[in-house]
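**Student:** Here are the chains, one letter per residue:
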Amino acid sequence: MTNNRKLMIVLRGIIMDNPVLILILGTCPTLATTTSVISAFSMGLAATVVLVCSNIVISALRKIIPETVRIPCYIVIIAAFVTAVQMLLQAFLPSIYDMLGVYLALIVVNCIILGRAEMFARKNNVLDSALDGIGMGIGFLVALVLMATIREVLGNGSFAGIVIPFMQYIKIPVLTQAPGGFLVYGILIALMNKLTEKKGGVKRKSFSCDGCPSAHLCNKTSCSEVTELAAEALDTAVENKEIENAENKEVV
Amino acid sequence: MKKSNLMPSLVLGCICLVVALLLSVVNMFTAPVIEAANSAAANAALTEVLPNGSNFEEIEITADYPAVVTKGYKADGGYVFQMSVVGYKPGLVIMCGVDTEGKIAGVKHIQSSETYGMEAELNGAYVGDTLDSVELILATGATSGSKSSKAYFDAIKAALQSAVIAAGGSVDVRTPEQILQDNCNAALGTEGKTFTRWFATEALSGIDAVYESDSGYAFVIGEIFIGVNLSGEIVTQDVSLDNTSTVTDAYTLLSGSSLTELTTLPEGIDSKVEKVYVTASGNYVFEVKASGYKHATNMEFAGIDEGYFFIKVSIGADGKIIDVLTTSHSESSGFGDACAKDEYYEQYRGKGDADVTVTVPSPDFHGDLIADGTQGVGIIASSTFTTTGYQKAVKSAFAAFELITNEGGNE
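One line per chain: the protein sequences are R and S, in this order. Numbering-wise, the first sequence is residues 2 to 253 according to the numbering used here. Numbering-wise, the second sequence is residues 96 to 506 according to the numbering used here.
In isolation and in its complexed conformation, chain R is listed as follows (with noise of 0.2 angstroms):
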């Protein structure tokens, strides 16, 4: 059971919640490194281990941060792991370094890392969370090598760098771009919420009204309740409208 448990921490990283495709965190990284999957690869792998690196160290010293400062300690705990792989990567890797560039940096303010910080590894032991970085990190290299390799099979007519002779004639080049980017991207989350559907589809989380500055003005507890309500008077408005055009036919 204990062992179901562990394996269901995993794979929830790689499927159910995929930092990528379900959380939509880290969209940055994911669209600026996944033109080649060399580059989104290395990526991954350097975001891999900064996150278990980093759930870890933070579950590890969960009841010693305390409250108030919790998240500067998580930001120079992520930050100490990053500036490391960045001088290990710079020193064995250089050619990785430059092909990342400032996004090796960027993991730092990376909102899956800062996330599962939040969110997993302050409450749980050290092996869930290092099993939740993971399962989180495999998601998040996986997601991206999907992409890449998407992006760069179709758009550059290579794979991993080597040129692939017949697709030289029918690529894309678009798909290297920003614009396609984001178009195989939406494509991605389309076909993950189609695969999801028939075991209940991705439950989005409600969030509670707390913090909203326009709280007080809908007088709601979360948010859906204020989408249902808003599509309840838009139906009426729309069968007023409906029976009013019906009798102003019937007056003519």
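Treat the hints as calculated values from the structure; they're not laboratory data. Glycine included, each C-beta is placed from N, C-alpha and C at the ideal position. Careful: at least some of the hints might be erroneous.
Not everything, but these chain R residues come out facing chain S in the computed CB check (under 10 angstroms) [to be verified]:
(1) LEU62
(2) VAL70
(3) MET88
Add chain S to chain R, keeping to what the hints say.
**Tutor:** Frame of chain R; chain S shown alone:
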């Protein structure tokens, strides 16, 4: 209360301290590797042009080095110099390695906007050349006026000269133009004066060229420069008696050569002949506008009366050209602009009407282009329109000369 305020800061401070310590440990291991990698990357370009080089050290480039040299490195196997020259376009940066024997070990272009592929061809062409053996090499399809090939040659020569200077030797790094100016100044005992070639309106016997400035003249006989001030006195020391009399006679002729414009010209003179002058000794000077590349290919079709280049032709009483000069032009850089160089004028000097023929009477873009090796007076290879314009302008001058001398022009 105090404890609760202090703890968060303390914990955050401790975390920062531990993180800083751990990062310093990582840095301790990675910094030497990163430094070595950076150094290797920087040396990779240097090693490429000097394969046997090691322990590269940058050397100071002083004023003794050719002006085009921007950087220099000393290595165990020789020297590497970086030159910035102007080819067909500015910004041609070339790196060149010179081995300990003074031979070119390798050439690489760092930055270039030249014709595609030209650099790759020329990079390997000079390997093995020394300062004594190096000669201009033209890239495929380039003409003798090719600025790219010339720029490459200048850069290579500068690297070879720099290697001699860096090794403690001395070498004359002046350009031919600077040498000419220095020789003229030395002959006249002046400093920093600018000399321009005197457009000869008189045939000066025994004189190869005359350069003038606001301080006087420099007469050239072979390789000897003799200065004459504005009072007509020879100021150069150690001049042989033969040369003295030759220069004195030439100066008398030169200073007495006044031009009088012919106000009325006989009918039938080509409208491109704008002005005609006659000298006291009966020589004629014609100012002619010529239709070169710019006018013939861009302006003429649109009916615009612009884009000409202007030349002066002096013809002696014997019907031979004394001198020609391009006074202004907008011909193509690296091609047609050869029409404003002394070696081009030399083709016309001493030639009569029969010697000059128009090689391509009606040039067009589809054929009849003048190629390298075409024989004739006034030819600039690959510049058919400029060549034709110049030849036609000179022929117009000869035609005007014939009309004036046969019918008699009025002063």
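**Student:** Compare the structure with each hint and give your call.
**Tutor:** Against the structure, the hints come out as follows:
1. LEU62: Constraint on LEU62 (chain R) satisfied, holds at 8 angstroms.
2. VAL70: Check passed: Cβ of VAL70 (chain R) comes within 4 angstroms of chain S, closer than 10 angstroms.
3. MET88: Holds. Min distance 4 angstroms.
This entry satisfies every hint, going by the numbered hints stated previously.
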